[in-house]
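Visitor: Chain A is already provided as a structure; the job is to place chain B on it using the hints.
Protein chains: 2
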Amino acid sequence: MPAKTQTESIQPDARERLLDAALVLFTQRGYAASSVREICAAAGVTKPVLYYYFGSKEGLYLQLMEESYALFESLVPRLTSYAGPVRQRVIHICEGLFDISTQKLDIVRLIYSIYYGTPQGAPAYNFDRYYDRLLEIVAGLVREGIEQGEFRAGDVGDMTWAILSCLNIAIEEQLSHCTPRIGREAMTRILNLFFEGMAENEPHG
Amino acid sequence: MPAKTQTESIQPDARERLLDAALVLFTQRGYAASSVREICAAAGVTKPVLYYYFGSKEGLYLQLMEESYALFESLVPRLTSYAGPVRQRVIHICEGLFDISTQKLDIVRLIYSIYYGTPQGAPAYNFDRYYDRLLEIVAGLVREGIEQGEFRAGDVGDMTWAILSCLNIAIEEQLSHCTPRIGREAMTRILNLFFEGMAENEPHG
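Going down the list, the sequences are from chains A and B.
For the first sequence, the residue numbers in this note's numbering are 226 to 430.
For the second sequence, the residue numbers in this note's numbering are 226 to 430.
Looking at chain A on its own, in the form it has when it is part of the complex (with noise of 0.2 Å):
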């Protein structure tokens, strides 16, 4: 049997493996801190593997970033494909994604803490990418509701926003430091609310 060379002994899943050990890595002891030994170690690999398939400590993060975003991108045809009322659209949008973000919470945890953590060295990343996409779908759907008659005609958005804003609250008391106080179905009663109004009497109609 010939001798093979250290990256082509490498298991098939040792690329996946160590996404996963540098996710929990930067998350937990932050980017700067964690080393290409740590990393390849919690993943038990060596590092030629990891210089094989990222080359860098950078571009394993890149990729990590890059695959998220990819993930988030590749639900978009999914949750836009909803039929039915745009007000039930809107929601079925904010609960895909607010399902996404929990069983990814790690990740988003990871975005969160390079967003608005200490500056660490890791490269750039567009982070807002995610935001501005999300605004450009909801705006499309407001837009609609607005043109069918479904919503008031108002600022399309202020709408976004508003929607953007029960969505974004309720993943983020996922990160929360104790138990999360609001979850799914407490979101989506909200963003009801937002398009119920809350106040008694409505000036307009």
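Everything labelled a hint here was simulated from the structure, so no lab data went into it.
Mixed in with the good hints, there may be bad ones.
Computed far set for chain A versus chain B, every beta-carbon distance over 12 Å [as the list claims (entries may be wrong)]:
1. Q288
2. F297
3. V301
4. T327
To list a few chain A residues with every Cβ distance to chain B over 12 Å, as calculated [claimed, not checked]:
5. S260
6. Y277
7. S326
Computed beta-carbon distance windows for the label pairs [to be verified]:
8. A/A308 - B/D353: 37 to 45 Å
9. B/T305 - A/E263: 45 to 53 Å
10. A/S281 - B/T305: 51 to 59 Å
11. B/R254 - A/Y355: 20 to 28 Å
12. A/G408 - B/G346: 29 to 37 Å
13. A/P405 - B/L296: 23 to 31 Å
14. A/T404 - B/D238: 38 to 46 Å
15. A/R303 - B/P344: 32 to 40 Å
From the three backbone atoms N, C-alpha and C, an ideal C-beta is built for every residue, glycine too.
Guide: Okay, now just chain B, sitting in the frame of chain A:
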């Protein structure tokens, strides 16, 4: 003239300058990476001055957090004493909290970086007390609004979270890496959307 000891001869604003320097360094470089030596150099004081006022870096950090919370708490009587319809009082509180958050954006940024960031060995501080207090204040107002017939009968908790979601997203937008896309006026408009509802057909009434 008798010789003064170092702590006796310090400038009267040394304590404030230490707090200011620590805020900048903790935010820009992180709590763990900021040494007592660097904080003192940035404040233009010697180490014994820091130890005199705060005992340690941990003590300085905790004092910074305590003073921030005390500032927030000191605003509560003014923010809640506003007269008028409950809806206007809710808006008044959110605008007041938005204003103080933008005036003290550095401390908000530090709180976010510690809360969401990688653990850096900073002593534990209960940041959720801000939110717990906010929930308490806004829930009290919502209850009053329902009792007075100004708000529809509904879940106090849901309405409270709906209001806080608007404040939350508006403040976080000021921390974003891009130019803030919404500010104080948009926050107020979004709050009004919550009060009035955006659906064309109100199923209630």
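Visitor: Decide, hint by hint, whether the structure agrees.
Guide: Structure-based check of all given hints:
With a cut of 12 Å on Cβ distances, A/Q288 stays outside the contact zone with chain B, its closest approach being about 20 Å. With a least beta-carbon separation of about 18 Å from chain B, A/F297 lies farther than 12 Å from that chain, consistent with its non-interface assignment. The beta carbon of A/V301 sits about 20 Å from the closest Cβ of chain B, which is more than 12 Å, so the claim that it is off the interface holds. For A/T327, the shortest C-beta to C-beta distance to chain B comes to about 16 Å, beyond the 12 Å cut-off, and the non-interface label holds.
Non-interface status of A/S260 relative to chain B is upheld: no Cβ of that chain comes within 12 Å, the nearest being about 14 Å off. Chain B leaves A/Y277 outside its interface by the beta-carbon criterion, the shortest separation being 27 Å against a cut-off of 12 Å. The claim that A/S326 is not at the interface with chain B holds, since no C-beta of that chain comes within 12 Å of its own (minimum 14 Å). Checking the proposed 37 to 45 Å range against A/A308 and B/D353 shows it holds: the Cβ atoms sit about 40 Å from each other.
As the Cβ distance of B/T305 to A/E263 is approximately 50 Å, the hint placing it in 45 to 53 Å holds. A hinted range of 51 to 59 Å holds for the C-beta pair A/S281 and B/T305, which are about 54 Å apart. Take B/R254 and A/Y355: their Cβ atoms lie about 27 Å apart, and the range 20 to 28 Å holds. One distance hint, 29 to 37 Å for the beta-carbon pair A/G408 and B/G346, holds here, with the actual separation near 31 Å.
For the pair A/P405 and B/L296, the supplied restraint of 23 to 31 Å holds, since their beta-carbon distance comes to about 27 Å. For the hinted restraint 38 to 46 Å between A/T404 and B/D238, the CB-CB distance of approximately 42 Å keeps it satisfied. Taking the beta carbon of each, A/R303 and B/P344 are about 36 Å apart, inside 32 to 40 Å as hinted.
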